[in-house]
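Asker: Could you build the full structure based on these sequences and the hints that come with them?
Chains A and B, in that order, are what the protein sequence lines are.
The first sequence: position 277 = 277 (this note's numbering), numbered continuously.
The second sequence: position 31 = 31 (this note's numbering), numbered continuously.
If you are wondering where the hints come from, they were derived from the structure by calculation, not from laboratory data.
Hints may be right or wrong, so weigh each one.
Lysine-lysine pairs mimicking DSS-like chemistry, simulated, CA-CA at most 25 Å apart [what the hints assert, rightly or not]:
1. A:Lys84 x A:Lys73
2. A:Lys16 x B:Lys27
3. A:Lys165 x B:Lys27
4. B:Lys27 x A:Lys164
5. B:Lys27 x A:Lys78
6. A:Lys558 x B:Lys27
7. A:Lys386 x A:Lys305
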Amino acid sequence: MTTISCFHCGEEVKEKFTGDNHLFCCAACVNVYYLLSKSGLSSYYSLASSPGFTPLVKNDAFAFLDLPDAVDKLLDFKSTEAEKVRLLLPQIHCSSCIYLLENLHKLKEGILTVHVNFSLKEAAITYDPRRVSIKEIALLLTKIGYEPSFKKKSGTPENNTSYKKQLWKIGVAGFCFGNIMLLSFPEYLALEEVSDDFKSLFRYLNILLILPILFYSGSEFFKNSISALKVKKISIDVPLVLGIIALFGRSMYEVISGTGSGYFDTLAGLVFLLLTGRYFQNKVFNQFSFERELYSYFPLSVLKKTTIGEERVLIENLKEEDFIKIKNEEIIPCDAEVVSESITADLSFITGEAMARRFNKGDKIYAGSKIIGKSGEFKVLKKTDKSYLACLWDEVKSSGKKDVLESLTGKFSGYFTALVLLIALSAFSYYWMNNNIHGAFNALTAVLLITCPCASALSAPMALGNAIRLLSRRGFYLKNAFVIEKVAGIKNIVLDKTGTITVAEKVEVTYCGSTLSDEEESLVFSTVNSSNHPLSRILSDKLKHTPSLEPEAYEEIKGKGIEAKFQNNVVCIGSALFTKSNVTVENPKHGSVVHVAINGKHKGYYFLESRYRKGLWDMLEKLSADSEIYLLSGDHKDENPQLLQYFGKNMLFNQNPEGKKQYIQMLAENGKTMMVGDGINDGVALKVSDVGIAVSDNVNSFYPSAHIILDGKNFIQLAEMISYSRSVLKVIYACLGLSFLYNIVGMYFACTLQVTPLFAAVLMPISSITVVSLAVGGTYFAYRRKFIN
Amino acid sequence: MSVLFLLIIISLTVAAFFVGCYYWAIKTDQFEDDYTPSVRILFDDELTKKPKE
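Answerer: Structure representation (structure tokens):
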């Protein structure tokens, strides 16, 4: 049977909705289609097939946009005639989206222009505040399937200017490099027709052109090496600067003394290539923020109960002792006391518990808990910034190790510089003692310029930059290039359970026992549907397609189960004892069991188990091959035999964030440790580990700060990612080895005073080009081998 | 041969002009988003007939 997909959103069509000879999956999609075609925007559908999203409209999701305070914070520009706002629209995914959004003015009066930035998934909207409000725009966007996300953005303008400066430096270096090459042409070709006057003119022009490179584009090398020397360290910039000075000094001497043309082209090319390499290495993923603000997890506003009714307030303005109302799927923004009779809340993000928990009147509930089912009322105990979660968050911020950029090439350059200096000085003193003063200076500068570590300085940025780019194709987003080096050295891998190795918020429900008829199933559904118990919520969600009946009598007995009376049936759902079950359940410990009895007869049981990610066991097999793996969970004990098989004794349950942190610190003493987690409860542990990976099933949603952000879909490729990082490191070693080989050859010629300008002009580009192609090609082939067989 | 003087001045001017363009492009955020404009340029030709404005 072929499935028909919706013309608008591409979902499978179950119930047919037609409009204009097209088939749709739901009325909402049909509505969007008509809305668009009426406004002459049908091109939306011809640019890509089924480009839309099923729109979900939550009634008061944008209620906070009625508050002028909240709106003012969002606006980029404000006047009486026009306001400009930039909205993050995570749903933007294809060219049709750009088309539709940029034609938004056809859908609504008052919208002036929309400018989409695809890579940031952002739309800059200018509108006339007298004719349309931002709330109306948000509702319109949601209606056509692009729900704006009002989470706070972290991209600072300061970041932006440094990026522009980098580009400009590369541009200046490129300009000077190209012109120097052009002016050096007569020298390359040894043209005899060009008179000496011209030759010296060209040489002086070259000096003029090298100055911006030295003092503007290359200034960061000087600054970096000075600051490295100040803390008595040798970074990769130190030998570079040494080489640059040698090249510049020697070239100046040759030009001014009229003995040669110098090596300005080499110097300019070196700076240009180095800057380009660093640009690729530092290219960041704009759409991710690796440093998160806690507030972006919370809603912006909340319903406050007042003497006259309900009022919407920003969470910053909430005070202690205020009464607030939280609805289904909403997050409690502050530590609070439950005022309603009983509510159910999902704490998986805060504590790591997989199953939702029930709270009764008077119980304390932490900020960050998500309400499930019935809405509830709460009394604020502590404001958001003083809540348990905020304290935890502040600790995360302060406890993190400073990222030390003690990189591989950094260490290498330390030894390298010492060695080069030693050789240069011994060559110098050798010729000096033999009374060859000219030869002594010649050898000194020749050694410094020929061993200039351009090749080795280029190899790491190029290899790492390329590796970062390739890994992002596989859903691994790295904070910076140095993370790869750290990943390669990992000895211990610690995994969180809920949301990391299991799929967040998904519970597998299986039924065992005598088959239930449709009528019986609907009886079960009607019974659990009225209950607020976490297990009932899961069951009713599973059975939601069955028709519901109204029970005549209904009783929930705490700790036992539910009994409901229907016209001619009595349904008991709950513990084994309560339903008089004598069935033995297999492996009861790694899930929850709910028994069903109808009219006093035990029918069977539902088994509720959090679902492990597909392919998890294979991945654990691979991971445990060359590292120690640990399971660290805030959830209750889980004795799944497969978990036991892979983790053995390395499983810890019921851990709070502090416990997790201490465990990581203990492990870190015997080797580099990687922590993989997803919730706030893992936040501190992620920060103190050598490599913290935040797993997120939806990269637009909230996740804690980390070194790597991993798309949940690609979780099982963690093993490949680690082994790829090791290969990348091997490629860098190979590059360093190759450039070392070039240096030995060069050094031999330099020490024996055989370095001619032609020799230098040939050897230097060749070494750079071969090393860079080895770096880029090597990382690419390793990627092909690890990820695409 | 003295024409070289002129040629060098011209070549440097041309190159400087392009550096100026590059600077302008950076200033006006043209490197901010390198995907959307490539799509946007195709929208000018409406794929279906336009309704009356």
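Asker: Run the structure past the numbered hints and jot down the numbers of the failing ones, going up.
Answerer: Those not satisfied are hints 2 and 6.
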